[in-house]
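S.K.: Single-letter residue listing:
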Amino acid sequence: MNVLAMSGRVTTIARNTFLEAVRQRFFNSILTLALAMLLGAHFFQQFNFGASELKFIADFGFGAIFFFGAILAITAMTQLFFSEMENRTALTLLAKPVYRLEFLLGKFFGAQLLMAVFCLVLSLVLMAVMYVRESALIERFPDSFADGRVVQYWDCLLFGFIQWIKFGILSAIALVIASFSNTNLYTVIVSFFVLVICQLQYIAQDAYGEIVNPLGRFAVWLASLLFPNFQVFNVGERMFVSVVEEPLGAMILLGIVLYGVAYTAFFLLLALLHFRNREI
Amino acid sequence: MKDGWQQYFWMRAGRIGLTLALLVVAGLLLRPLERPLWQAVKAGQPELNLAELEGALGQGILVGVLGGFRAIVADFLWIQTNHYWQQRNRPKTETMIQIVTRLDPRPDFFWFNGARMLAYDIPNWRIRELGGYDVVPQSVQDQIDYEQAMRGIALLEEARSFHPHNPRFVLEIAQIHNFRLKDTETAAEWFFQASQMPGAPHFAARIYAELLRRLDRPMEAYEFLRKHHQSLPKQADPMAEIVLERIRDLEEELRIPLPRRYFPGR
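Read top to bottom, the protein sequences are chains S and E.
Everything in the first sequence is counted per the working numbering, starting at 652 for the first residue and increasing by one.
Everything in the second sequence is counted per the working numbering, starting at 3 for the first residue and increasing by one.
Don't read these hints as lab results, they were simulated from the structure.
Beta carbons are placed, not taken as given, at the ideal position from N, Cα and C, and that holds for glycine.
Hints are not guaranteed to be accurate.
Unchecked claim - Partial list, computed: chain E residues near chain S (C-beta under 10 Å): (1) W7; (2) A73; (3) V75; (4) F111; (5) W127; (6) L256; (7) R257.
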């Protein structure tokens, strides 16, 4: 297999997938909703009772990135995959000298490019909202900011990158499910279930040590191995607002990226395993 | 036909089995990478620590699923808590306090107000439910006060595991012992503990000394205030003036001779 030719074919499919995704109304709607939510963080501040204002806005931004990003990662991947099946373009593509692996990788990278745009736009808007609010607070309470700004703005982009890695795993999971399922709806629903399980995997991992019953212990251990732990990517607060006692080290952040990339690669291989035997 | 169906079934089952086996292998291979990452991430986010969430698996699930939105959800649930509090709905108020504090344990506002509802408001509701202060025997009223105060203290103890360096939680426990349970001895111990914490308000030390005086231990109070005064900032601190006034009062009360009296800087 010529790697250069292969990467060329993957790039072509990824580019077309990305353009197709950007043209979809769904992407634009989700992006608009997420942006509106972020920009409206100041309004929701009225309901805030405890957390400091900047932390509240940051929290709100993390929530918007996670919530809308997860919806977009799953639905975009599923739609982009099934549109090729339903329009029969996959048949034409795979009849040409395009390997199934190339098709899957092209679809995945196209969807990931879309997620990169989403994460970048939202991170930049979150940075802008935080900057405006922090500047206003500095003007009003200069004594509280005697040591300078508390928000680490560049870390916001790093946080966006880490979320993008997490969405990569999620898109790859959706691709695995899509590679053997027959319907769009089934893929979306199962992917959302898997997302919830991945978000809660930490409970199984932590509960493992507490369970006495060997059978229950084994079941929890198995459950903690079957799914990736998405809470590992929940690092916004430790990176973004410098008032936290102990920020995360560079090695930990690198480890998180490695963990995400390894799981993404694994799920892509799993998708290939199922897609190889699929009748199109 | 039957053979075809069986073949299809075994093929699907085999594929599912292989997928699960591969997932377990991937999980095992990545576990050494995941464990230290998870420990590092969890250490900075106590709300993700299940040991702290004991008996609150439901809230643990909410924390996990909501991601960043848990702050706003906790805020809205706090509004709901206040609604139940206004209606004097005891079970719902208590349940909501538990949910809100576990959902977002970072703000101290939820802990303080929740503990005050439990320790100061709910005893009154319970006594009224039983017929009111004129009907309910004093012993039953005391028992209710004690039970609710202990619930408030338990909530504040939980808060301390999330905010171990915040002296205000220790002070709040001290105040419940002092004002609600009228247990001066225990309250004094808590005020002392608070006064020794970095960032503690100065009044913690003064109240500790005052409680010692009420416990008929004025000499101990005097010695403590002398030490405390020396630890105060040297500038013309209004707090230092107040502490010195208390020292003078105690010197009068203890009839300490002039040469043995406390003179700052000497």
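S.K.: Against this structure, judge whether each hint is valid.
M.R.: Do the hints match the structure? See the list:
Proximity of W7(E) to chain S is violated relative to the hint, the smallest CB-CB distance being about 17 Å (cut-off 10 Å). For A73(E), the suggested interface contact is upheld, since its CB lies about 4 Å from the closest CB of chain S, less than 10 Å. Checking V75(E) against chain S by beta carbon gives a least distance of about 9 Å; that is within 10 Å, so the hint holds. Among the interface hints, the one on F111(E) holds; its C-beta lies about 4 Å from the nearest C-beta in chain S, closer than the 10 Å criterion.
The criterion of a C-beta within 10 Å of any C-beta in chain S is not met by W127(E), whose closest approach is roughly 23 Å, and the hint is violated. With a least beta-carbon distance of about 42 Å to chain S, the hint placing L256(E) at the interface is violated under the 10 Å criterion. Taking 10 Å as the C-beta cut-off, the interface hint given for R257(E) is violated, the closest approach to chain S being about 46 Å.
Checked against the numbered hints above, the structure violates hints 1, 5, 6, 7; every other hint is satisfied.
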